[in-house]
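**Student:** Below, each chain spelled out in residue letters.
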Amino acid sequence: MTVSTSSTTGGSKPSNAPAAQDLVTLTIDGIETSVPKGTLVIRAAEQVGVQIPRFCDHPLLAPVGACRQCLVEVAMPDREGNVKPMMGPPGRVKPQASCTLAVSDGMVVSTHLSSPIADKAQQGVMEQLLINHPLDCPVCDKGGECPLQNQAMTNGRGESRFLEIKRTFPKPINISAQVLLDRERCVLCARCTRFSEQIAGDPFIALIERGALQQVGIYEQEPFRSNFSGNTIQICPVGALTSAAYRFRARPFDLVSTPSVAEHDSSASAIRVDHRRGKVMRRLAANDPQVNEEWISDKDRFAFHYAHQSDRLTHPMVRDESTGELRAASWPEAFAVAARGLQAAGHVGVLPGGRLTREDAYAYAKFARVALGTNDIDFRSRPHSDEEAQFLGARVAGRDIGVTFESLETASAVVLLGLEPEEENGTLFLRLRKASRGKTRIFAVAPYTSRGLSKMKATVVRTAPGDEVPAIEALAHDGQLALDGGGVILVGERLATVPGALTAAAVLATQTGARLAWVPRRAGDRGALDAGCLGGLLPSGRAVADPDARVDVGAVWRAEVPSTIGRSGDAILAAAADGRLGGLVIGGVELDDYANPAAARVAVQAARFVVSLELRASTVTELADVVFPVAPVAEKSGSFVSWEGRVRPFPKVITGSNAVADVRVLAGISEELGRPLGFRTPEAAAAELDEFRGWDGVRAADPDVHAQGSGQSTLRDGRSAPSSGTGATTEYRLATWKTMISDGPMQDGDPAYHASGPTPVVLVSEATLTALGLAVGEPVQLSTGAGSVILPLGVADLPDDVVWAPTASGGVNLARDLGALAGSTVSLAPQQSVPETVSSANGARS
Amino acid sequence: MTDMLTPVLSDNWDADRSWTRASYERSGGYSALRTALGMEPGDVVQLVKDSGLRGRGGAGFPTGMKWGFIPQDNPNPKYLVVNADESEPGTCKDIPLMMASPHTLVEGVIISSFAIRANVAFIYVRGEVLHVVRRLQSAVREAYAAGHLGKNIHGSGYDLDVVVHAGAGAYICGEETALLDSLEGRRGQPRLRPPFPAVAGLYASPTVINNVESIASVPAIVKNGATWFSSMGTEKSKGMTLYSLSGHVVRPGQYEAPLGITLRQLLDLAGGVRPGHELKFWTPGGSSTPILTAEHLDVPLDYEGVGEAGSMLGTKALQIFDETTCVVRSVLRWTEFYKHESCGKCTPCREGTWWLVQVLNRLEHGEGTEADLESLLDQCDNILGRSFCALGDGATSPITSSIEYFRDEYLAHLEQQGCPFDPVASTLFATAGASA
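Protein chains in written order, with our numbering: chain B, 9 to 854; chain A, 526 to 961.
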C-alpha cells in the first residue's frame with residue numbers, strides 16, 4: 009500500500025504560505041485582472057502597470073483617504089448587472105479614492121489614463137496641494153526625489169492659477185533634536201503620524217489645528233521621542249520632514265546609492281547607503297519584506313558618522329622600542345613586527361569582538377587555529393558564561409534558518425527571555441509589535457513593564473534579575489501562555505549572565521515544543537559564532553571536542569586543528585593578566601563592554617604583546633604593540649548573519665576606499681608567520697567558509713547548569729557587596745540593559761542623534777520612591793563599593809528591591825564606573841542637586 | 526391662514542416654564558414613553574418605518590430604516606447618539622427646540638434607544654449654547670428623578686443612561702463620524718466609511734446617529750400613530766417639520782408645518798419680506814444648500830421638491846435676503862465660514878476653501894476679470910464630490926448657485942471696481958431711504 013504523507017520537516021511548524029485566496033475580477037483602464045479579495049484599487053492598478061498618483065497612501069499603513077490625489081472613476085454592476093458609475097452630488101459622477109476602495113467583482117475602474125473626469129479630479133487636487141506649497145524645490149532636500157515634485161510634473165497642470173497669498177509658517181521647527189518640520193511644505197498626508205502610531209507605537213506627533221493651518225505638532229514642550237523617528241522623514245512624500253544630520257548637506261542627484269546591510273544589531277536590516285565623493289551622506293531603509301519591511305531604527309539610520317571621526321586610523325603603527333610610543337609603519341613592517349611579536353609571546357589569545365562580518369570572523373577563527381595553534385578565541389566582548397558557550401554550541405551555531413521575522417507573525421505566542429527588543433533590536437521590535445497587533449501574544453520575563461513591552465501588549469512576568477530561572481521554569485506550566493509548538497522563545501544575550509537560565513530556556517523549548525532562537529545585540533555575533541570564533545566551536549557548529557569535526561575542518565584547512573578546548577573571553581583576559589597567555593590579538597573590542605572593564609584593561613596591559621585591528625583609536629590601541637587600521641563596514645564587502653541565521657551579504661559601498669578588511673590584515677600576519685590563511689579577501693574567505701555548511705555530525709549537548717538559589721547578594725568577580733553605608737542608603741538589585749541610543753564608539757559623531765535619545769534615569773518602584781523621599785526627576789546617587797554616579801529618578805513597576813539603570817548612556821557606564829552588572833547589589837541615596845553633567849568622577853565622555 | 530401650521534414639536538413652547546418636566550407632563554409628555562415600553566422594540570422600529578419619518582438633519586434618510594441597520598447579533602453594546610451640534614449658518618431649529626422643550630428630546634431619546642436596544646445614549650450638543658446645555662442637563666436630571674431614566678425604567682426591565690456632552694465648537698463635529706471621534710475624545714475629523722456607524726460607530730460599536738428634530742418627532746409618532754404622522758406632508762416627505770425663517774422677514778422664527786409647504790405660504794405667515802423691499806434670494810436649508818430666488822417661491826419645501834429645483838431641503842433654514850443684499854458679499858461671508866471650519870483632513874476642502882475666499886474677496890472688491898468667474902467655478906468643480914466629506918461640497922453650493930443666478934452682479938463688481946451695494950442698507954438698523 010502506498011501512503012502519501014505530507015510530512016513537513018518542522019513537525020508542528022506553522023505554514024507561512026498564504027491561504028488560498030478568493031480572487032476578484034475587475035477591469036482597470038480596459039485591462040481585465042484578477043486580484044485577491046480585499047485588494048485596494050490602487051494596488052490592483054499597480055499590478056496592471058497603472059501608477060495612480062498618491063501621497064497619503066502607503067502600503068504598510070492603514071488607508072486614510074486624506075489627500076484625494078488618487079481619485080479614479082469607478083463603475084459598478086447593479087443587481088441586474090448593468091454597470092453604472094458611482095455618483096455623488098446630484099447628477100455628478102463621484103470619483104473615488106482608489107487608496108481606500110477595495111476591489112469588487114465586475115468593477116470597472118477608469119484612471120486618469122482613460123477617464124477625463126479622473127484626470128481633471130487629480131489635476132485639481134494637485135493644483136490645490138501646490139497653492140500653499142512654497143515651491144522651494146531648488147533649496148529643498150527632497151528636490152529631485154520628491155513624490156510631490158514628480159507627480160506635479162506627471163499629473164499636474166503646467167501653470168498654477170493661484171495668484172493669491174500663500175499660507176506661511178516660521179520654518180523649520182524641531183519636533184525632536186533630530187527631526188525638523190517645515191510646515192509650509194507639508195501636504196498633511198498624515199503618513200508620519202500614522203507611522204508613529206501604527207508601526208512604532210510612539211504617537212508623540214499628531215495633526216493639530218484645522219483647515220489650512222492644520223499642521224503636524226508635538227505636545228507642548230514634549231519632543232517626538234522615538235527610536236524609529238527617522239522613518240517619518242523617509243516616508244514623507246515632500247520635504248516637510250528633514251533630519252538635522254542631513255538637512256542641506258546634499259542633493260539627491262549628486263548621491264550614489266548602494267544597497268547595504270545595517271551593522272548595528274543582529275537583525276541585519278536592508279539599507280540604502282547614499283554617498284558622495286567617498287563619504288556617506290545618509291542612510292535609508294531599503295524594502296526587504298522578509299526582514300525589515302520598509303523600516304529601520306534610528307540607530308541604523310543615523311549612526312554612521314563614526315567612520316569619519318578625526319581619530320580614524322589611517323596607517324599601521326608599531327610601538328617604538330626606544331620611545332615606547334606608537335609610530336607610523338609600513339604595512340610590510342607592521343606585518344613583520346606583529347608576526348615576530350606573536351611568535352615570541354608564546355601562547356596567544358584572540359578577542360575578535362562581535363562587530364565583525366562573517367568573513368572577517370572566519371579569518372579570526374582560522375587565524376587562531378592555523379596561525380597561532382590555539383582555540384583561545386571568543387567573540388563575546390560582553391558579560392558571558394561557559395553555560396552560554398555550551399548553549400550556543402547545542403542550539404545555535406551553524407544551524408539553518410529556523411524562526412524568521414515572518415514566522416513571528418504566525419506564532420501563537422512569543423516569549424522574550426533576557427531581551428528588550430525595542431532597545432536591543434529595533435527591527436525585531438517592529439515585527440513583534442506588528443505580530444502583537446495580529447494574533448500573536450507576547451510574554452516577557454523582565455524586571456518591569458517597559459514602554460517597549462507595553463507597546464507590544466506583552467504579558468510581563470515581573471522578575472528580579474537573578475530570579476529568572478524559576479520564572480522560566482514556571483512558564484512551561486503557565487496556563488495563560490499555553491506554550492506549544494506554535495510558540496517561539498526568543499533568548500537574548502543577557503540571559504548568559506544568569507546561571508541556569510539558558511539551561512532552563514532550552515528545557516522549556518524541549519518540554520513545550522516551542523521553537524527557540526537566540527537574539528544577540530550585535531550584528532557580528534551570530535556570524536562569529538557560525539564561523540567558529542569560540543573556544544569550543546569550529547565553523548558551522550562543529551565541536552572542538554569532536555575528533556571527527558577536527559578532522560573534517562583540518563582537511564579543508566590542510567592543518568591540524570588544536571584539540572584543547574579554548575578559553576572563554578574572561579578566561580583569556582585572566583590568563584593574559586597572570587602571564588599564562590603572552591599575547592593578544594584584539595579586533596573591534598571596547599574593553600568597557602566586558603563584565604569587568606578594569607580587569608580587562610589590566611590584562612591587556614599585562615600581555616607581553618598585543619596586536620590591535622581597529623577603525624579608530626581606542627583603549628586597546630593605546631596599549632597595543634602593533635595597530636592595524638581596518639575598514640568600516642561601508643568600506644569593505646562582506647556579510648552579516650542575522651539572528652534568524654540569514655546570511656546578509658553587502659558590497660563595498662565606498663569603492664574608492666583603500667581601507668582593508670580584517671581578513672586582509674590577518675592574512676598578512678599569517679603569511680609572515682609562515683602559516684598562511686590561504687585567502688586574502690572577504691570573497692575568498694566566504695567561499696571557503698561555505699564549504700563548512702550543513703554539518704550533520706555530533707553537536708554539543710544542551711547546557712546543564714542549575715541555579716544556586718534565587719538572587720545574588722554579591723557582585724560577580726569576587727568583589728564584595730558595598731557596605732550599607734550611612735543613614736539613608738539601602739541596597740537594591742540592579743537590572744540593566746543598553747538603550748538603543750546610548751554611548752558607544754559606533755554611535756559617535758551625530759549630536760542630534762544623541763540628543764534625540766532617552767534621558768538616562770534610575771528607575772525605582774513607587775514604594776522605593778516614597779522610601780527615598782524623592783520625586784520623579786530629582787537626582788539620586790547610585791553606588792557600589794567601586795564607585796557612584798548621579799542620575800535623575802524615574803518610576804516603573806519594578807519589584808521594590810530592584811532598580812533599573814541604562815548600562816552605558818549619558819557618559820555613565822555601570823560596569824566601568826560602578827563595577828555593576830545585572831543582578832549586582834547597588835545602593836541609592838538622595839542627592840542634593842543635579843550636577844551639570846550626569847557622570848561619575850572617571851566616567852565623563854568627551 | 527394659520528391653519529397651515531401643525532404645531533407638534535412646538536406645541537408646548539408657549540406653556541409656562543415649558544422646559545420643566547412638570548410643564549411637559551401637563552401637556553401629555555412622557556405618555557408616549559409608557560406606550561413604547563409596553564411594545565416590542567422591533568415594533569417601535571416598524572412604527573417609525575411606517576410613519577415615513579426622514580432624517581431632519583439635512584440628508585433626509587429614512588429614520589426607521591437607519592435603525593433597522595443596527596445588527597442586533599453584534600455582541601458589542603449599541604449606542605444612540607443625538608446630533609445636537611447645530612452649527613450651519615442659518616440653521617436654528619434644534620437649539621430653540623432644546624431650549625423650549627428639552628424633555629421632548631429626552632423622551633424621544635428614551636423611546637429611540639429602547640427601539641434599537643441601546644442602554645447608553647449621548648446627546649452631543651454644541652458647546653457654545655451654554656444655556657441649552659444647562660436646560661438639557663437639567664431635563665436629564667429631572668428624567669432620572671422621575672424614573673424615566675436609569676435602571677429598570679418604570680418596571681420595564683429596560684435600563685438607559687443618557688450623557689449630555691458639550692462639544693468644543695467645531696462645525697465639522699456635526700458630520701456624524703467626526704462627531705463620534707470628538708465624542709471619543711479625539712480630534713473631530715470625519716472617519717473613513719465603511720465601516721458605517723451602524724456597524725462600527727462609537728467605540729467601534731453599532732451606533733445610530735440622529736438629528737435632534739428626528740428623535741424629538743418620535744414621541745408624537747408613538748402617541749398618535751404612523752398614520753397620523755404620514756397623513757401630513759407629501760408623498761415621499763411625510764410629517765411636520767420646523768421651518769426656520771430668518772433675515773429680511775417681518776416675523777422671523779420657527780414655523781412648524783407639514784412638509785411640502787411653499788416659501789410663499791411661509792412668508793405670508795411670517796408677514797412677508799420686510800416692508801418696502803422684495804425677495805432677492807434665499808436658502809432652503811442653510812448655507813450649504815444652493816440658493817434659490819423669487820422664481821422658486823412656489824417650490825414645495827419637501828425633499829423632492831427642493832431637489833428638483835436644484836437645491837436641497839437641508840435643515841429648512843430659510844434665510845431671506847432682500848434686494849439690498851450684495852450676493853457676492855454674502856457668499857464671501859459664507860465661504861469664510863467654511864474656510865474657518867474646514868477640518869483640514871482632505872486637500873480639496875482645506876486648500877480649496879483657502880483659495881475660494883481669496884478669489885471672492887478680490888471679486889467683492891472689484892479686482893479681477895470675468896475669467897476669474899470661470900476659474901472660481903472650476904475650483905468649485907474640483908472640490909464638489911472630491912472632498913472627504915460633505916463640508917467641502919457645501920462650501921461650493923453658495924458660489925456656484927450665486928453665479929448661476931447673479932452672474933451680472935459679479936460682473937457689476939468688476940465693472941464698478943467695487944461693490945455696488947451700500948452694506949448698511951441691508952442691515953436691520955438701516956435708516957429709511959438708505960440706498961439699495
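Do not rely on the hints blindly, as some may be mistaken.
[Claimed, not checked] List time: in silico DSS-like cross-link candidates among lysine-lysine, alpha-carbon distance up to 30 Å:
{"id": "1", "chain 1": "B", "residue 1": "Lys92", "chain 2": "A", "residue 2": "Lys676"}
{"id": "2", "chain 1": "B", "residue 1": "Lys92", "chain 2": "A", "residue 2": "Lys761"}
{"id": "3", "chain 1": "B", "residue 1": "Lys447", "chain 2": "B", "residue 2": "Lys463"}
{"id": "4", "chain 1": "A", "residue 1": "Lys676", "chain 2": "A", "residue 2": "Lys761"}
{"id": "5", "chain 1": "B", "residue 1": "Lys92", "chain 2": "B", "residue 2": "Lys102"}
{"id": "6", "chain 1": "B", "residue 1": "Lys128", "chain 2": "B", "residue 2": "Lys102"}
{"id": "7", "chain 1": "B", "residue 1": "Lys287", "chain 2": "B", "residue 2": "Lys179"}
{"id": "8", "chain 1": "B", "residue 1": "Lys102", "chain 2": "B", "residue 2": "Lys179"}
{"id": "9", "chain 1": "B", "residue 1": "Lys102", "chain 2": "A", "residue 2": "Lys761"}
These are computed hints drawn from the structure, not numbers from a lab. For clarity, every value in this text was computed on a predicted model and none was experimentally measured.
**Student:** All the hints need checking, so say for each whether the structure fits it.
**Tutor:** Evaluated hints:
no.	hint	in the structure
1	B:Lys92 x A:Lys676	violated, 50 Å
2	B:Lys92 x A:Lys761	holds, 25 Å
3	B:Lys447 x B:Lys463	holds, 15 Å
4	A:Lys676 x A:Lys761	violated, 39 Å
5	B:Lys92 x B:Lys102	holds, 12 Å
6	B:Lys128 x B:Lys102	holds, 12 Å
7	B:Lys287 x B:Lys179	holds, 28 Å
8	B:Lys102 x B:Lys179	violated, 37 Å
9	B:Lys102 x A:Lys761	holds, 25 Å
Taken one by one, the earlier hints fail for this structure at numbers 1, 4 and 8, listed in ascending order.
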